[in-house]
Amino acid sequence: MDQLIEQIVTGLSIGSILLLVALGLSIIYGSMGIINLAHGEFVMLGAYAAWVFHTYLGLGLLASLVPIFLVVATFGWVIERYVLSLLNNRPLDTILATWGVGIMLQQAVRLMVGSELRYVQLPPALADSMNVFGIPISSYRVFLFVVSIALFGATWVLMNRTTVGMKLRAIIQDRSVAASFGINAKRVYALTFAYGAGLAGLAGALVSPLKSVSPDMGTGYVVDAFMVVVLGGVQSLAGTVASAFILGELSGGIAFLQNDTVAKTIVLLAIVVLIRFRPEGLFTARVRA
Amino acid sequence: MSISRRTLLRNTAALGAFAGAGLPHIWIKNADLAYAAGGEIKVGVLFSLTGTTAIIEESLNKATLLAIEEINAAGGIKGSKIVPIVEDPASDPATFSEKARKLVVGDKCVSVFGSYTSASRKAVLPVFERQNNLYWYPTLYEGRECSKNVIYTGAVPNQQQDEFVPWLVKKFGKKFYLIGSNYIYPKEENNYCKKLLEKLGGEVVAEEYVPLGHSEFSSVINKIRSTQPNVIFSTVVGDSVVALHRQYKAAGLDPEKMPMASLTTSENEVAAMGGEAAAGHFTSAPYFMVHKSPENEKFVEAYKKRWGADKVTHFVSEACYFQTYLFKQAVEKLATSDLTPPNIRDAVKGQEVTAPQGKVRIEPENLHTWLWPKIAQAKSNGQFEILVEAKDWLKPVPYAAYPGQSCTEKGLVEKS
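Line by line, the protein sequences give chains A and B. So the first sequence is numbered by the working numbering: it starts at 1 and just counts up by one. So the second sequence is numbered by the working numbering: it starts at 1 and just counts up by one.
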């Protein structure tokens, strides 16, 4: 019984990290329809920003979260404004463009700060472990869980309760009609992309004390993020949350019973089979086309 | 003196004949000398500067170049300068093979220093065997290889484990949890570890492999909690090492009761995970940065001076450094006209050099290296404390896990 609870808690923790990483992609891919292959590199930029703030400015991780969000969001804004919008956000062109941007970001970081693994300190206040339902678990993982839920909440409010969110939803439904109502589609797109990029940056900064920081760290995360978004269903924020936790529990559970290599294989296989029978993902928001 | 037409013709013909006989001789001689032409000895340096393993290979490139610069500054090898030709194989085995061919065939390098991963070594091996050139491989590896075209200066399993495993059993207990990255090196090391444990009456509670680059260890940590081993024997590599240590620490496990014993965690990885996550865990290797010897002081000081005060040296970069000096000694033994890769190989057999770790020697039988095993514990300041030093250097036995097989000068010999 103890082991079962322990495993469920572990799954929640893995799921919250998946959610954190996938949230930004869910906004960009789900809402704008842009397949952003540079998503992993935004995650990486966030982790490096955390390292820079810590090493050169002496800022702790928690204190630097807001600046990191702004820095990576600015990157996203520039890329949307000067690369993607010039391609009119056409899906195929943007895949290639974001892939190229990703490679450039990766190599730029490598050239500027070198390819060694970098160290981001765990916030000292969260360095210990605590008991959850009698299970010892790292305080930092609990913190990540809370943050990921909070960020999801903030994103949901932004999409559904603010003017920007309403405008975005209008554009998604019909760009030309929205534009004829006086909505500046270009500006809303740029802001949305920047927000998604900023979220990815935050994810990178937040996972960096548990994992490692290197120029090619994004590669793994972009795969995870796409798995979550595709399984959850495009255009469905709640679906992203559900699928993040399903995948977390599934891969944690299989890894416990078997091992991580098997878990990775089975989870990928399950997603492929599921997509075959439900191409729209598990949860789909109903949108009038 | 008048020259008749006939004499002229005869003389020209004679000259032609002389040239015909003479020139090829000159050509062949030049081909012989090409390895040391114009007071230069060309060597290849083949470490990834981009891609996944650049993280570590960059430091190997630096240590090799440092040794070459030192040798050149001290007058080169018998007046000839070593000219390093640096290529970037981008962490990709196919590119390794392509660049190796370029260095050997195109640039006519007399030797190449390179590789960190076993995959990249296996990829270049056919090039060096076909061209009968010489590859210098500085990394600890899984053994079970016997080539006349590779000098192995890193540790093989018996040199890392023969002392380590019995010491761990005695100090902490017999229950081992084996965890490694999912490829050949961890599997062979664990194979040998299981043999040793069998002899010691130890027990393997789990043997597990995670994908390369894996960074989520929560389930592994749960399993460790439920199986309660005495020792976690780790051959996880690269950035996974960092993630494993940090998550172990964050989960509140105690290295005093259940330490990780690693064959792959060096100063390099410790710097990336932070001293607090590394503290208390053990590593077995022939070299640590804190090792006290005049040679090591000189090496560490020179390395920091050349590449930056925040840089660390570790057990693979040390091998890069001393193997370049072994190359120098071997070349010194040869006449300039005899400078060919096979001759260097024969000259390096039995060569000794005082490396930062102590005096090392190339075993003539299998071209591996006699090394000084050490056991050390990581400290929170990011350095190690050496707890056990071998009293004697240890012979390399690349087929230690395979009784009946041994690597000799004639190649792999199997006793039935």
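Just to be clear, a hint being listed does not mean it is correct.
Part of the chain B face toward chain A, derived, beta carbon under 7 Å [what the hints assert, rightly or not]:
{"id": "1", "residue": "208"}
{"id": "2", "residue": "210"}
{"id": "3", "residue": "215"}
{"id": "4", "residue": "243"}
{"id": "5", "residue": "275"}
{"id": "6", "residue": "279"}
Sample of chain B residues at the chain A side, in silico, Cβ under 7 Å [unchecked claim]:
{"id": "7", "residue": "182"}
{"id": "8", "residue": "246"}
{"id": "9", "residue": "250"}
{"id": "10", "residue": "272"}
Hints listed in this document are in silico derivations from the structure and should not be mistaken for laboratory results. Glycine included, every Cβ here is placed at the ideal spot set by N, Cα and C.
Check: Checking against the hints above, which ones are violated?
Finding: Numbers 5, 6, in rising order.
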